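S.K.: Add chain B to chain A, keeping to what the hints say.
2 protein chains.
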Amino acid sequence: MTGEAVDTVRVALGERGYDILIGPGLLERVGEEIAARLPKVRAAVVTDENVAARHLSTMTAGLENSGIAATPIVLAPGEKTKSFAALQEVVDKVLAARLERGDAVIALGGGVIGDLAGFAAGIIRRGMNFVQVPTSLLAQVDSSVGGKTGINTAHGKNLVGVFQQPRLVLADVNVLDTLPEREFRAGYAEVAKYGLIDRPDFFAFLEKNWRAVFSGGSERTYAIAESCRAKADVVARDEFETGDRALLNLGHTFGHALEAATAYDGSRLVHGEGVAVGMALAHRFSARMNLCSPDDAQRVEAHLAAVGLPWRISDIPGELPGAEGMLDYIAQDKKVKRGALTFILTRGIGQSFIARDVPASEVLAFLREQLEG
Amino acid sequence: MTGEAVDTVRVALGERGYDILIGPGLLERVGEEIAARLPKVRAAVVTDENVAARHLSTMTAGLENSGIAATPIVLAPGEKTKSFAALQEVVDKVLAARLERGDAVIALGGGVIGDLAGFAAGIIRRGMNFVQVPTSLLAQVDSSVGGKTGINTAHGKNLVGVFQQPRLVLADVNVLDTLPEREFRAGYAEVAKYGLIDRPDFFAFLEKNWRAVFSGGSERTYAIAESCRAKADVVARDEFETGDRALLNLGHTFGHALEAATAYDGSRLVHGEGVAVGMALAHRFSARMNLCSPDDAQRVEAHLAAVGLPWRISDIPGELPGAEGMLDYIAQDKKVKRGALTFILTRGIGQSFIARDVPASEVLAFLREQLEG
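Protein sequence lines, in the order shown, are assigned to chains A and B.
Just so you know, we're using UniProt numbering here: the first sequence kicks off at 1 and counts up by one.
Just so you know, we're using UniProt numbering here: the second sequence kicks off at 1 and counts up by one.
Just chain A, same shape as in the assembly (with noise of 0.2 Å):
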C-alpha cells in the first residue's frame, strides 16, 4: 500500500446512494468495507477465470479475515458470458448457497462480470445486495457506476437487464497494472468521453497527462475519480435514463453499430475501441452539420490518434457492411424512440447534446462519405 490518499466519490441517490472510493491497495481491503457497512453478511462472488487467477485468493483473504464466508462462482472470460445461460447458472449458484435477500453478490472483474452480476443480484428473491470490484478501466469509469446491468441477445447487445445500484464500489487502481496495454487504452475511450460531454478542462488534462494516466500513479487515480464524478452527476440527475443520461452514449450508437457489425469480436473491436471510432464519427457528424468546428472533430482525432485508438472505420480490420447495413443495426439500438433517430451530438470539446429525431437521410449521407473515404 502506498501513501497516495483513497478517493471517495459518492453517488447521490437517495437511499440507494452510495459511495465509490477509488485508490491503490483497495482489493485487500474490500472485506473491512463491506463488513463496515453490511454486518453479518454472507456473500458469492462472482467473476472470471483470468480474474479469479489473478485476484481470487486475495480478496476471499480479505473477505475471511473480515468474518464474510464467501462462494465463489468462477465463470468463462468473454463477452459470451453475458448470456441468459450463465444468468441462470449464477442464479442457481446463488440460491444453492442459500443466500438471503441481505446477502451480497459481489462483482470481480470488467464489465461483463459486472453487468452479469449485477443482473443476478437484481433479480434473486427480487433484489439482493451488490458490490462492485471493478478490474478494468472501463469498469472502474463506466459499467460499475450508476447501476445498469445486462446480457446480450441475438437481437443486440444489453437489451435485457435492469437498473441495480450496488451498494458499495471499490476500485483499485493497482490491478489496472496487469491489463493488457490495448484492454486499458480501451478504457481510456471511456475517460476520454467524459472530458467530450461536458468536461473541456478534464479534455484539456487528458490531452497534456494521458501519459501519466497510462503509466500510473496520481494523474492516474485523479482521471478516474474524476470520470467517476462526471458519470455520477449525470446519473444521480437521471437515475432511469429519461433524459440527461442519454448524454453518456455519446459514441456508443455508431460504436454499438459497430461492435455490432463485427459480431462483438474482440479481436477486431473491443467496446472501448467501438466507442472511440463513434465519439470521433459523432463530432465529425456534428461538424457535418455545421454543429462545431471541424477543428474541434480533428482535436478529437488528434487526441484518440495519439493514444493509439482507432477513430476511424478504416481502423477496423476486416470486412464491415455497407452504409445501408450500418443504418440498420443503429436502428436496432436500444436507444432508438419511437422510430426517431437519436444521436448525442456536440456543439464543441464538452459541449454535448441530445439531439431527437435526426434525419436518417443525414446519417445515410455520412455513413457513405465514411465508409467510401
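Keep in mind the hints are simulated off the structure, nothing from the lab.
All clues given are correct.
You can't tell identical chains apart in this list, so a pair holds if it fits in one copy or across any two.
Straight-line C-alpha distance at most 16 Å; calculated EDC-like pairs for lysine to aspartate or glutamate:
no.	residue 1	residue 2
1	K80	D265
2	K40	E64
3	K157	E100
4	K157	D92
5	K80	E49
6	K40	E100
Treat the numbers as computed from the prediction; the structure is a model and nothing was measured.
M.R.: Just chain B now, kept in the frame of chain A:
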C-alpha cells in the same frame, strides 16, 4: 355491458402509481383505456392457450379499434411456464417484434402469465410499460396488484423476479364466469385473506355474502374492489417488501411449504388452496401460542369449510413429508431472514401481525400435532 358501475382503485406509488379498474365488460375496453394513457403505443399480448381460446380475439379486436398493433405471444398453460425457458421465449419474441421501451407488454391471463409477462416487461430494455388484464380471481385480487413478478426455480417458487409496477390493471369481473369452480374458489382464499389481515368487517361481509360473490353481480365487484383496496394500501406503505408488506403473506409460509411438498402438482393443491390451509394453520398456531382465541381459529376454519376450501393438512390428497420435512420447506421459503423463522400470526380476526424469530421448535411441535392429528 350491464349498468353496473366500474370501480377504480388507485395504487398510490407516486410516479409509479396506477389505476385498477374493476367491473363488467372491461375486456372490450382494453384498447381505449390503454390508448387514453399510453398514446401511440404498440403492444405484445402474453397469454396462454386456454385463455387465448376464450378471450384473445375479443381483446385484439379492441386493441385494433383503438389503433394499437399487437403481437400475440401464446404460451402453454400451467405453473411450469414460470420458467427461465419461457421467460427467454417471451423476451426474444418481444425483441423480435422490435418493441421499444415506451411500448407495452400486456398480460392476459392468470397469475402465471402476469408474473412471467411482468418479469419480461421489467427486464426488456431495462423496463417497458406493463399492463395487466387478469382473467382469474386470484390474479384480479392478488398477483396483478403490487408489482411483484417472477419465475420458479428448482430451489423454490418465485425466488427470481423483479418489482415491476403495471401502468394499468383492468379486471373484468365477467370473465370469471368462465372459470372452473375449483379455480374461482381457490382465488377466493385470497379474498378472505384481506379480511383476516386487517379488515374484520370485510370478513364478516364475506361470511354473510360469499354465495353472492361466487354467483356474480355487485357483491362480486365489491369483494374484488375491496380486496384490491386492501392490497393497494399495504403496497403503498411498503412497495419493496421491507416491512408491512409481509402481512400479505398471511397463510403463505405454511402454504408455500405445502405447495413445495406436493411438488406444485395442481391436481393435488393449487396456490389458493395452499393459502387456505396455510391461513387456517396460522390461526390454529396463533391459538396454540395463546395469541388469539381458539374460537377465532374455529371461525376461520368454518368459513373455509363452508365455501368448500381445504383447511386441514389432511384435506390434501396423497402423501406428504413428515414434520421435519415440512420445516425444511419452510426454511427455504424466500421470507426467511438471517436464518430466523418469520410468520404472519394473529391476535384475532383482522388482527394479523408480523412475528419474527418464531422458534423452529414450536413450529415443529405444532406440525407434528397437525400431521399426526
